[in-house]
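Colleague: Same order as they appear, the protein sequences are chains A and B.
Numbering of the first sequence is given in our numbering, commencing with residue 1 and proceeding in unit increments.
Numbering of the second sequence is given in our numbering, commencing with residue 1 and proceeding in unit increments.
It should be emphasised that the hints constitute simulated quantities derived from the structure, not laboratory data.
Treat the hints loosely; a few may be bogus.
Each computed SDA-like pair below joins lysine to any residue, with the alpha-carbon atoms no more than 25 Å apart [unchecked claim]:
1. B:LYS38 / A:ASP347
2. B:LYS390 / A:GLY156
3. B:LYS25 / A:ARG279
4. B:LYS7 / A:GLY176
5. B:LYS316 / A:GLU29
If we take Cβ atoms under 7 Å as the criterion, some of the chain A residues that face chain B in the derived model are [unchecked claim]:
6. PRO34
7. GLU180
8. ASP357
Everything numeric in this text was worked out from a predicted model, so none of it was measured.
The C-beta atom is built at its ideal place from N, Cα and C for all residues, glycine as well.
There are 2 protein chains.
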Amino acid sequence: MFTLHWKPVRTSALPIYKQIADLIKGKIETGEWPVGSKLPTERALAQELGVNRSTVVAAYAELSAEGLIEGKSGRGTVITNNTWTLLAAAPPPDWNAYVHAGAHQPNLPAIREINQAEFIPGIIRLGTGELSPELFPKEKMQSVLRRLIAQIDALGYEEPKGLLRLREQVSRYLLGKGIEASPDSILIVSGSLQALQLISVGLLHRGSTILLEKPSYLYSIHVFQSAGMELYGLPIEQDYQDFLRRLTDVKKLKNAALLYTIPSFHNPTGRVMSEENRRKLLSVCERERLPVIEDDVYGDLWIDTSPPPPLKAYDKTGSVLYTGSLSKTVSAGLRIGWIVGPVPVIDRLADIKMQTDYGSSSLSQWVAAEWLESGVYEEHVQEVRKQLRKRRELALIVLHKYFNDIACWEKSGGGFYIWLKIKADISPEKLFAKALEEGILLNPGNIYDRNDRQHMRISYAYAKPAELEEGLYRLSKIIREIKS
Amino acid sequence: MFTLHWKPVRTSALPIYKQIADLIKGKIETGEWPVGSKLPTERALAQELGVNRSTVVAAYAELSAEGLIEGKSGRGTVITNNTWTLLAAAPPPDWNAYVHAGAHQPNLPAIREINQAEFIPGIIRLGTGELSPELFPKEKMQSVLRRLIAQIDALGYEEPKGLLRLREQVSRYLLGKGIEASPDSILIVSGSLQALQLISVGLLHRGSTILLEKPSYLYSIHVFQSAGMELYGLPIEQDYQDFLRRLTDVKKLKNAALLYTIPSFHNPTGRVMSEENRRKLLSVCERERLPVIEDDVYGDLWIDTSPPPPLKAYDKTGSVLYTGSLSKTVSAGLRIGWIVGPVPVIDRLADIKMQTDYGSSSLSQWVAAEWLESGVYEEHVQEVRKQLRKRRELALIVLHKYFNDIACWEKSGGGFYIWLKIKADISPEKLFAKALEEGILLNPGNIYDRNDRQHMRISYAYAKPAELEEGLYRLSKIIREIKS
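So here's chain A without its partners, still in its complex pose (with noise of 0.2 Å):
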């Protein structure tokens, strides 16, 4: 948990082990590292640090020696007091009591370690959920941006939906999906998982029931979950036809609130759901008064052919919310999504994210107004579902060369997932280990479903093509071998 940024000055008169043990030192002093808490181990720091495991012994036998940490068995080493303690013999506060309440549990271990594992230099990211940084559309941005710079004279808080103009590109925007959506049906969000935020804490109550599709991308993150929900999976196939038969039962039985779908290059496996699916799914949800979540932040992105128009575009009841989002096409770090609903649903989501935050960056929503006005959205969505055909290929064309006797897939349509089954019952853990120490990154299946032992979410949006041979090929080699 704690690392030192630093690194130890050679040239000093001052031995190693007494810098480190002065840094650490003022950590704790400041209470920056409280009482209380577990210091890196040896090994560890002494690796962080490029030096010998010898001189990190020697810097916290120092701290021992003066009271402040204490080698417990079996424990590691603690923090036990710091100087003002020592001075005044009166312990801080108890913030590792604080850290382990609240409402709101820790993300899953397994997500944790992958947000950090993203930044480790030269790992080869086959998971990850995002555009290649090479997609980005750096000329773009910056003339969108350039335009912009004139026309910015204030940027305080906008309105509780957010900022006006944008609203009105968004509701241009979602007439070409078949959907009409006036201003004030529109909320504007920080990406769509705050939209799922707000729905969870705003319009549900605790113990309620979201039916989903199993996998799902939403039981990888638990904004519902936070919230004291449940999430019921139905297994999708590709014809979706079990689900739908099941559908209306599962509702009765579980009594639930909401469905949460993705109908257009569902996360993590890629499928679309028919147009006529599509309607006997709706056409369902209004005869049970079940209201449905249709998160559609990848329908932009086809390959080969245009998806059916959203579920919201054969809403004529409002049992739907939509959201979607410019992360996944533009740009994930602008922020900026949008949730589409009956409007005193939007209004009361607005009053909630007032009371979250105020509002998404004006800046962001300045920037994303002046992408769909300008046409510039729709031009590079163009050349990224281009690239995205490129990279789809490329990986099919790996795929079937090292995995054809180890694994399965469908080929994706759009998005960026492929869904790989391994034909073989390797652990899980054991391989996203193995892999990691290999460098590579990977998204195991049970991220998406907690009992899917076979599955891998491969995207082939981030890597840059060369790495993702590379790291399809060595993952291949892992699999043999840990198979054998």
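Add chain B to chain A, keeping to what the hints say.
Modeller: This is chain B only, laid out in the frame that chain A set:
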């Protein structure tokens, strides 16, 4: 709640009442205005559209004849059906029930009213806690953006704690205030409201008690109350002596989990805690193991003399979680703030932030880093201080001229506010409503202390000087009228 954002087409062959009816029919058909919602009153809609009330009556009559709406006695006109439900006889999901569910409470009605009234054209905002758009550093922001354009290579997701470059700059900036905090102990957030939000869900149990100053900004938001916590306010006077004397007992009596304080240019009173009182406060908190949230968003905005160093600068036990932001000094629209504290606490809050919105806008973070790094921030803040001084002088002169016999106040040494005390028993609701009628938006004292019926928060930061003078003059007249 519903507005049309539309003007009748007077040149059309279609009569205006028919145009209105068709427009509303569209909203009902798509479910944007759901079944069960109330339509605007005929009077309100006629006013919005600039038509006779009889035109709206005719439009509603047509919708009523088609079975879409119904006048219900005492409840106004309600949407009872839509074409889809007429066809299918199955009601859509009852969103109204959802809107009233959810763990989060809606914002205080007064706050919501203020949020909305802020966008009434021509209104004079006498209480707004934001720098005037006139003071927006347009040229500086343009030059910062121009320098950034060339640097931005990609705008993806950032590290969980935020852009490292920004955290390094915040670390350097805090050193100038006497706070030693490494980038690891800093979390970038979307404004300091989000800081409180993350603390409330990440560190505290439901049912915890938060101690705070009375009055306090914290009463005007309900980030802690929404998470099931109690607020307990201890009155502050100018010298804080009673406050400090009672703190230990109240902490014990209430078993309080946390103290929230704004030691520099307190919101809404403008007061500054002396250095001696800061040391006393911290020593009580350390002895009682009472963690502190120090809100320092106004600290840089001193007018006469710089305030004493923040509590965090004296904190040797890691007892203080410190929050700051660029919202009050540079631009609220960037939505950039920070929390500083012990590393395990910051790790925990970063984890929750990742679950909430995957981090703040990268673009805003780049901009904030460039502001701090280039020294433009310091230049700008010096200019803001000068402008605030002029505005405060003006406010004091105008108050002296018109309020001398009807109110009293303390001279503020920085920040945005004067806490005006009216020497008469006037209902705050009545005063607020009357002022709004006269085009003046107030922040009455009961927003910051439920039982307060005497104060008003006057901000000299927002309204233009001429408006400030005019607004205060009109306000004094209104008070005199109501009084008599």
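Colleague: Hints first: check each against the structure and report whether it holds.
Modeller: Going through the hints against the structure:
no.	hint	verdict
1	B:LYS38 / A:ASP347	14 Å, holds
2	B:LYS390 / A:GLY156	22 Å, holds
3	B:LYS25 / A:ARG279	23 Å, holds
4	B:LYS7 / A:GLY176	24 Å, holds
5	B:LYS316 / A:GLU29	6 Å, holds
6	PRO34	4 Å, holds
7	GLU180	5 Å, holds
8	ASP357	4 Å, holds
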